[in-house]
Amino acid sequence: MLSVLLLVPIIGAAIVAFLPMGESKRLRQFTAIIATLVFAWIVYLLTQFDLSNSGFQFSEYLSWVQPIGLSYSLGVDGLSMPLLALNGLLTWIAIYSSRGDIERPRLYYSLILLVNAGVSGALMAQNLLLFVIFYELELIPFYLLIGIWGGKKRGYAATKFLLYTAVSGLLVLAAFLGLAFLSATPNFDYNSITTEGLGLTTQLVLLTLLLVGFGIKIPLVPLHTWMPDAYVESSPSTAILLGGVLAKLGTYGLVRFGLQLFPETWSLVAPGLAAIGTVSVVYGAMAAIAQKDIKRMVAYSSIGHMGYILVAAAAGTELSVLGAVAQMVSHGLILALLFYLVGIVEQKAGTRELDVLNGLMNPIRGLPLTSALLIMAGMGSAGIPGLVGFAAEFIVFQGSFTTFPIPVLVCIIASGLTAVYFVILLNRTCFGKLDNETAYYPKVLLTERIPAFVLTVTILFLGLQPNWMIRWIKPYTTSVAVNPTGLQIAQVETQK
Amino acid sequence: MDFSSNIATQLNAGAILPEGIVVVTILLVLICDLIVGKSSARWLPYVAIAGLLASVAALWLKWDATESLAFLQGFNGDDLSIAFRGIVALSATVTILMSVRYVEQSGTSLAEFIAILLAATLGGMFLSGANDLVMIFVALETLSISSYLLTGYTKRDPRSNEAALKYLLIGAASSAIFLYGVSLLYGLSGGQTNLDAIATALANGDGGESLGLAIALVFAIAGISFKISAVPFHQWTPDVYEGSPTPVVAFLSVGSKAAGFALAIRLLVTAFGAVSEEWHFIFTALAILSMILGNVVALAQTSMKRMLAYSSIGQAGFVMIGFIAGTDAGYSSMIFYLLIYLFMNLGAFTCVILFSLQTGTDQISDYSGLYQKDPLLTLALSICLLSLGGIPPFAGFFGKIYLFWSGWQAGLYGLVLLGLVTSVVSIYYYIRVVKMMVVKEPQEMSETVENYPEVRWSLPGMRPLQVGIVVSLVATTLAGILSNPLFTFANNSVINSPVLQSAKLTQPIAKAGISETSDRPIVQ
Numbered sequence: 001m002l003s004v005l006l007l008v009p010i011i012g013a014a015i016v017a018f019l020p021m022g023e024s025k026r027l028r029q030f031t032a033i034i035a036t037l038v039f040a041w042i043v044y045l046l047t048q049f050d051l052s053n054s055g056f057q058f059s060e061y062l063s064w065v066q067p068i069g070l071s072y073s074l075g076v077d078g079l080s081m082p083l084l085a086l087n088g089l090l091t092w093i094a095i096y097s098s099r100g101d102i103e104r105p106r107l108y109y110s111l112i113l114l115v116n117a118g119v120s121g122a123l124m125a126q127n128l129l130l131f132v133i134f135y136e137l138e139l140i141p142f143y144l145l146i147g148i149w150g151g152k153k154r155g156y157a158a159t160k161f162l163l164y165t166a167v168s169g170l171l172v173l174a175a176f177l178g179l180a181f182l183s184a185t186p187n188f189d190y191n192s193i194t195t196e197g198l199g200l201t202t203q204l205v206l207l208t209l210l211l212v213g214f215g216i217k218i219p220l221v222p223l224h225t226w227m228p229d230a231y232v233e234s235s236p237s238t239a240i241l242l243g244g245v246l247a248k249l250g251t252y253g254l255v256r257f258g259l260q261l262f263p264e265t266w267s268l269v270a271p272g273l274a275a276i277g278t279v280s281v282v283y284g285a286m287a288a289i290a291q292k293d294i295k296r297m298v299a300y301s302s303i304g305h306m307g308y309i310l311v312a313a314a315a316g317t318e319l320s321v322l323g324a325v326a327q328m329v330s331h332g333l334i335l336a337l338l339f340y341l342v343g344i345v346e347q348k349a350g351t352r353e354l355d356v357l358n359g360l361m362n363p364i365r366g367l368p369l370t371s372a373l374l375i376m377a378g379m380g381s382a383g384i385p386g387l388v389g390f391a392a393e394f395i396v397f398q399g400s401f402t403t404f405p406i407p408v409l410v411c412i413i414a415s416g417l418t419a420v421y422f423v424i425l426l427n428r429t430c431f432g433k434l435d436n437e438t439a440y441y442p443k444v445l446l447t448e449r450i451p452a453f454v455l456t457v458t459i460l461f462l463g464l465q466p467n468w469m470i471r472w473i474k475p476y477t478t479s480v481a482v483n484p485t486g487l488q489i490a491q492v493e494t495q496k
Numbered sequence: 001m002d003f004s005s006n007i008a009t010q011l012n013a014g015a016i017l018p019e020g021i022v023v024v025t026i027l028l029v030l031i032c033d034l035i036v037g038k039s040s041a042r043w044l045p046y047v048a049i050a051g052l053l054a055s056v057a058a059l060w061l062k063w064d065a066t067e068s069l070a071f072l073q074g075f076n077g078d079d080l081s082i083a084f085r086g087i088v089a090l091s092a093t094v095t096i097l098m099s100v101r102y103v104e105q106s107g108t109s110l111a112e113f114i115a116i117l118l119a120a121t122l123g124g125m126f127l128s129g130a131n132d133l134v135m136i137f138v139a140l141e142t143l144s145i146s147s148y149l150l151t152g153y154t155k156r157d158p159r160s161n162e163a164a165l166k167y168l169l170i171g172a173a174s175s176a177i178f179l180y181g182v183s184l185l186y187g188l189s190g191g192q193t194n195l196d197a198i199a200t201a202l203a204n205g206d207g208g209e210s211l212g213l214a215i216a217l218v219f220a221i222a223g224i225s226f227k228i229s230a231v232p233f234h235q236w237t238p239d240v241y242e243g244s245p246t247p248v249v250a251f252l253s254v255g256s257k258a259a260g261f262a263l264a265i266r267l268l269v270t271a272f273g274a275v276s277e278e279w280h281f282i283f284t285a286l287a288i289l290s291m292i293l294g295n296v297v298a299l300a301q302t303s304m305k306r307m308l309a310y311s312s313i314g315q316a317g318f319v320m321i322g323f324i325a326g327t328d329a330g331y332s333s334m335i336f337y338l339l340i341y342l343f344m345n346l347g348a349f350t351c352v353i354l355f356s357l358q359t360g361t362d363q364i365s366d367y368s369g370l371y372q373k374d375p376l377l378t379l380a381l382s383i384c385l386l387s388l389g390g391i392p393p394f395a396g397f398f399g400k401i402y403l404f405w406s407g408w409q410a411g412l413y414g415l416v417l418l419g420l421v422t423s424v425v426s427i428y429y430y431i432r433v434v435k436m437m438v439v440k441e442p443q444e445m446s447e448t449v450e451n452y453p454e455v456r457w458s459l460p461g462m463r464p465l466q467v468g469i470v471v472s473l474v475a476t477t478l479a480g481i482l483s484n485p486l487f488t489f490a491n492n493s494v495i496n497s498p499v500l501q502s503a504k505l506t507q508p509i510a511k512a513g514i515s516e517t518s519d520r521p522i523v524q
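Going line by line, the protein sequences match chains B and Y. Under our numbering, the first residue of the first sequence carries the number 1, and numbering increases by one thereafter. Under our numbering, the first residue of the second sequence carries the number 1, and numbering increases by one thereafter.
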C-alpha cells in the first residue's frame with residue numbers, strides 16, 4: 001500500500017524526464033495529475049488509518065541487501081501520517097504554482113516528483129539505512145532546483161545548501177552506524193535498534209551526532225546560516241517544498257530517532273534542547289523584525305516557528321509531542337501560504353523590498369485579494385485563534401509548560417514578537433497609499449489564486465476543527481512520551 | 001605414468017585457462033594485424049573483447065574449483081583471485097570499448113595498443129593469483145612494463161612522452177625497492193619463495209619480529225603503494241594521468257589498482273602474517289593520508305583528468321578501510337567496491353573521452369552548459385560522478401556504506417569518520433562538474449560547448465564508446481539497487497578462499513579490545 005507513494009512519483013518522474021510530452025503546460029498538467037493521484041492515495045490511507053493503533057501500520061517488508069543490513073521496510077504511524085499528507089498537499093501546490101513558461105520543464109517537474117518520493121520514503125522508512133538513503137536522495141534534486149531556477153545568488157545558495165545538508169546526512173549516518181553496531185543487531189531495522197544497555201556517554205555522543213545532523217536540516221540557531229539564502233534564492237514553489245516539507249524531515253528525525261530511540265538520555269539533553277529552541281524562537285523573531293526583504297522576513301519567521309517544535313519535542317510529554325507534530329503540519333501549511341503569496345507579490349509588483357512596496361490593498365490598482373490572504377496568513381503565523389497556528393502553538397505551550405516553564409514563557413513572549421513583524425510586513429505592503437507613479441499591477445488570475453485558496457481553507461478549517469488533525473496523531477503520542485518529570489509522569493507509567 | 005599424472009596435478013594448468021585465453025587473444029591480435037594489415041583495425045577490437053569476455057566466462061567456470069593451487073603452488077586460482085582477475089579483465093574490456101576511436105584519432109596503430117593492453121591485463125590477472133615471490137615479480141613487471149608502454153603510446157604528444165618517462169623512472173625505482181624487500185623476505189625465510197612456505201618458515205624461525213622483516217615489509221608496501229597510488233607514493237599519478245592517453249588512465253585507475261590490491265591482500269596477509277600489527281598500522285596511515293590528500297587536492301584541480309586522478313587516490317583510501325578491517329566483511333566490501341568502482345570510474349572516463357574527442361579539451365570549465373548540447377553525456381557523467389561521491393541511490397553509495405559498515409564493525413571508528421568527512425569533501429568537487437554541465441544557463445555556455453559538434457554515433461569507433469557509456473550508466477544506476485547478487489558474489493569469494501580464512505585463524509586483528517561479530521574464533 002505504501003509503496004504506491006514511492007512508485008507513482010518515481011515512475012511519473014521517469015516519464016516526464018524521458019518521454020516527449022510537448023510543451024511546458026502539458027507537462028505541468030501531467031505532473032499535477034500524478035501529484036493528485038498520490039495525494040488521493042494518501043487521503044485513502046488516512047481513511048483506512050486505524051486510530052486505535054499506536055504502532056506502525058500498512059507495514060511492508062522486503063529484505064533488500066542483507067550484508068549491510070538494509071531492508072525495504074515501510075510503515076506509518078501517527079507521526080508520519082500527517083506529515084505524509086502535508087507532503088502530498090504541498091507537492092501539489094508547488095507543481096500547481098510553478099510558472100507555466102518555466103525553462104527546462106522536463107527536468108524541473110521530474111525533480112519535484114523525485115523530491116516528493118524522497119520525502120515520502122524518508123517518512124515511511126522503518127530501516128535506518130533506508131531513511132538515510134531517502135534523506136540523502138533529496139540532496140541533488142534540491143541542489144538543482146535552487147541552482148537552476150533560483151534568484152540572483154542561486155549558485156552560492158545552492159552550494160551552501162548542498163554542503164550543509166551533506167554534512168547533516170553524514171552525521172546522521174555516522175550516528176546510525178554507531179547505533180546499529182552497538183545494539184548488536186545484524187541489520188538497521190528500526191524495531192531491532194535499541195539503546196538499552198548502552199553507556200550514558202555513548203548514548204550522549206550518538207544523540208549529539210543526531211541532534212547536530214537534524215539541527216542543520218531544521219535548521220536551529222546557530223546551524224541555520226544556509227537557510228535564509230536557500231529560501232530566499234529559490235523560486236516560490238521550491239521554497240514551499242524546502243520550508244514546508246524538507247525542513248520537517250529534520251524535526252521528524254529528531255522525534256523519531258532522537259526522542260524515541262534515546263528515551264533515557266533525552267531527558268538529560270532536554271533542557272539544553274529547550275534552551276536552543278527558545279533561542280531559535282527569539283532569534284528568528286528578532287531577525288525577522290530587522291529584515292527589509294519580505295521573503296527573507298518569512299524565512300526568518302520559519303526559524304522561529306521551528307523552534308517551538310524543538311521546545312515541544314524536548315519536553316517530551318504526551319501533550320507536547322502532540323503539539324510538536326501539530327506544529328509541524330501547521331507550520332508547513334502557513335509557511336507554504338506565505339511563500340506562495342510573497343511569490344505572487346514579487347511577480348506582480350516586481351519587488352520584495354519593504355521600503356518600495358505600498359498600498360497593495362488598493363482595490364483597483366493593487367492586489368486586494370492577495371493582500372487579504374496575506375493578512376490571513378500573517379494572522380495564522382502569529383497564532384491568532386481560529387487558525388491552525390493557534391491550535392498547534394497552544395498545545396505546544398500547554399504541553400511543555402509543566403516541564404519547561406521559563407522557556408515556554410519566553411516563547412510565548414516571542415510569539416508576540418511574531419505579531420510585531422507581521423504587523424510591520426502587512427502595514428508596509430498592504431496598507432498605505434499606492435504611489436501614483438506606480439503603474440497598475442497585473443491582475444492575479446483565478447488559477448493563480450487556487451493554491452492560496454486551498455491552503456487558506458485548510459488553515460481555517462483545521463483551526464476551527466483541530467480535531468481533524470489531532471485524531472491521527474493522538475494514538476502515537478500516548479506511546480512515546482518520555483518525560484520523567486512534571487505532571488505527565490504518572491500517566492506514562494500507568495500506560496506502561 | 002604415475003609420475004606424469006602427479007606432475008599434471010601439481011601443475012594443474014587448467015587453473016590458468018582464463019589467462020591462456022588472453023594469451024591466445026594477444027597472439028591472434030598480433031598475427032591478424034601482421035597478415036591483414038591496417039584494415040583489420042575495424043574488427044580487431046571486437047576480437048579482443050570477445051577474448052576477454054571468454055576469459056571472464058572461463059573464470060566463471062573456475063569458480064569454486066576444488067583444486068585451486070597450480071604450478072607447484074606458484075599460482076593460486078582461488079575465488080579471491082577469480083574476483084580480482086574478473087575485475088581486471090572487465091576493466092580491460094571497457095577500456096578497449098573506449099579506446100577504439102581515441103587511438104585512431106591519435107593516428108597510431110590500434111592493434112599494437114590492444115596487444116599491449118592485453119599484455120597488461122595478463123600481468124594484472126597473474127598478479128591477482130600469484131602465490132610465489134618470483135611469480136609475483138614477473139607478473140608485476142609484465143603489468144608495469146606494459147603500462148609504461150601504454151602511457152607513452154601517443155608518441156607524437158610530448159605530454160604523453162613526459163608521462164611515460166616519469167612513470168618509467170618512478171615505476172622502475174619502486175619495482176627495485178619492492179624486489180629488494182622481497183629478496184630480504186627470501187633470505188629471512190631461509191630460501192623460500194612460496195608465500196605459504198615463507199609464512200611457516202617465519203613463524204617457526206626466529207626471524208619473526210626482526211628488523212630485517214620490518215625492512216622487508218616497508219619495502220614491499222612501498223612497491224604495492226606505488227601500484228595503488230596511495231599517498232605518499234602517489235606523486236606520479238596526477239602527471240601520468242594528465243599526460244597519458246585517457247583510455248590508459250582509465251585502465252590504470254581501475255585494472256592496475258585492483259591488481260595492486262590483490263597483491264596487497266595475498267602478500268601481506270600470507271607472508272607477513274607475523275607482523276600484521278605493523279602493516280595494519282602502516283596501511284592505516286596510508287589510508288588516512290590518501291583519503292585526506294586525494295580528496296582535498298582534488299578540490300583545486302581545473303583539469304578533469306587531474307581531478308579524476310586525485311579522486312582515484314581518495315577512492316583507494318576508502319578501499320583500504322576494508323583491507324585494514326581484515327574481516328570477511330572487510331575483504332568482501334573491498335571486492336564489492338572495486339567492482340562498482342570499475343563501472344562508475346570507467347563510465348566517467350568514457351564520458352571524458354567522448355567530450356575530449358568532440359572538443360579536444362579536458363578543462364572542467366569547458367564543460368559548462370553541456371546539458372543543452374549533449375543530454376546523454378551529461379546524464380551519464382553526472383550519474384557516474386555522483387555515484388563516485390557516494391550519493392544514493394547509485395551504486396557508489398552502497399559500496400561506501402559496505403566499506404564503512406565493515407570498518408565500523410572492526411572498530412575502525414576514526415577511519416570511518418574520516419571517510420565520511422572526506423566523502424563530503426568529495427561530493428563538493430564532483431558536484432562542481434555536475435554544476436558546470438547542468439546548472440549553467442545557455443548564455444553562460446563555454447565557447448567549446450558552443451561549438452560542440454553533434455555526436456555522430458555512426459562514425460567508426462563511436463558505437464563501442466556508446467556501448468561503454470550506456471553499460472556503465474546502467475550498471476552504476478542499477479548495481480546499487482539490485483546489489484544482492486554482487487554482495488553474494490563478493491562474500492563468497494572471500495569465504496571460499498582458504499588463504500583469508502586460515503590467516504584469520506592465526507593472526508589477531510590489529511586492534512585491541514575489539515571482538516569480532518562473526519562466530520569464528522580468534523586465537524590470539
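Don't read these hints as lab results, they were simulated from the structure. There's no promise every hint is true.
[Stated by the list, open to error] Heads up, simulated SDA-like pairs for lysine to any residue below, C-alpha to C-alpha not over 25 Å straight-line:
no. : chain 1 : residue 1 : chain 2 : residue 2
1   : B       : 152       : Y       : 26
2   : B       : 153       : Y       : 478
3   : Y       : 373       : B       : 100
4   : B       : 160       : Y       : 470
5   : B       : 160       : Y       : 282
6   : B       : 153       : Y       : 458
7   : B       : 160       : Y       : 428
8   : B       : 292       : B       : 354
9   : Y       : 373       : B       : 433
10  : B       : 153       : Y       : 169
11  : B       : 160       : Y       : 441
12  : B       : 152       : Y       : 281
13  : B       : 153       : Y       : 35
14  : Y       : 373       : B       : 107
15  : Y       : 373       : B       : 101
16  : B       : 153       : B       : 103
17  : B       : 25        : Y       : 428
18  : B       : 153       : Y       : 4
19  : B       : 152       : Y       : 409
20  : B       : 160       : Y       : 301
21  : B       : 433       : B       : 355
22  : Y       : 373       : B       : 14
23  : Y       : 373       : B       : 457
[Said to hold, decoys possible] To list a few chain B residues with every Cβ distance to chain Y over 10 Å, as calculated:
no. : residue
24  : 8
25  : 66
26  : 107
27  : 134
Everything numeric in this text was worked out from a predicted model, so none of it was measured. Built from N, CA and C at the ideal position, the CB exists for glycine as well.
Hints, one by one, checked against the model:
{"no.": "1", "hint": "152(B) with 26(Y)", "verdict": "violated, 58 Å"}
{"no.": "2", "hint": "153(B) with 478(Y)", "verdict": "violated, 35 Å"}
{"no.": "3", "hint": "373(Y) with 100(B)", "verdict": "holds, 24 Å"}
{"no.": "4", "hint": "160(B) with 470(Y)", "verdict": "violated, 32 Å"}
{"no.": "5", "hint": "160(B) with 282(Y)", "verdict": "violated, 36 Å"}
{"no.": "6", "hint": "153(B) with 458(Y)", "verdict": "violated, 42 Å"}
{"no.": "7", "hint": "160(B) with 428(Y)", "verdict": "holds, 10 Å"}
{"no.": "8", "hint": "292(B) with 354(B)", "verdict": "holds, 5 Å"}
{"no.": "9", "hint": "373(Y) with 433(B)", "verdict": "violated, 50 Å"}
{"no.": "10", "hint": "153(B) with 169(Y)", "verdict": "violated, 49 Å"}
{"no.": "11", "hint": "160(B) with 441(Y)", "verdict": "holds, 19 Å"}
{"no.": "12", "hint": "152(B) with 281(Y)", "verdict": "violated, 50 Å"}
{"no.": "13", "hint": "153(B) with 35(Y)", "verdict": "violated, 63 Å"}
{"no.": "14", "hint": "373(Y) with 107(B)", "verdict": "holds, 15 Å"}
{"no.": "15", "hint": "373(Y) with 101(B)", "verdict": "holds, 21 Å"}
{"no.": "16", "hint": "153(B) with 103(B)", "verdict": "holds, 18 Å"}
{"no.": "17", "hint": "25(B) with 428(Y)", "verdict": "violated, 34 Å"}
{"no.": "18", "hint": "153(B) with 4(Y)", "verdict": "violated, 79 Å"}
{"no.": "19", "hint": "152(B) with 409(Y)", "verdict": "violated, 46 Å"}
{"no.": "20", "hint": "160(B) with 301(Y)", "verdict": "holds, 20 Å"}
{"no.": "21", "hint": "433(B) with 355(B)", "verdict": "holds, 13 Å"}
{"no.": "22", "hint": "373(Y) with 14(B)", "verdict": "holds, 21 Å"}
{"no.": "23", "hint": "373(Y) with 457(B)", "verdict": "violated, 45 Å"}
{"no.": "24", "hint": "8", "verdict": "holds, 17 Å"}
{"no.": "25", "hint": "66", "verdict": "violated, 7 Å"}
{"no.": "26", "hint": "107", "verdict": "violated, 8 Å"}
{"no.": "27", "hint": "134", "verdict": "violated, 8 Å"}
When the structure is compared with the earlier hints, violations turn up for hints 1, 2, 4, 5, 6, 9, 10, 12, 13, 17, 18, 19, 23, 25, 26 and 27 and for no others.
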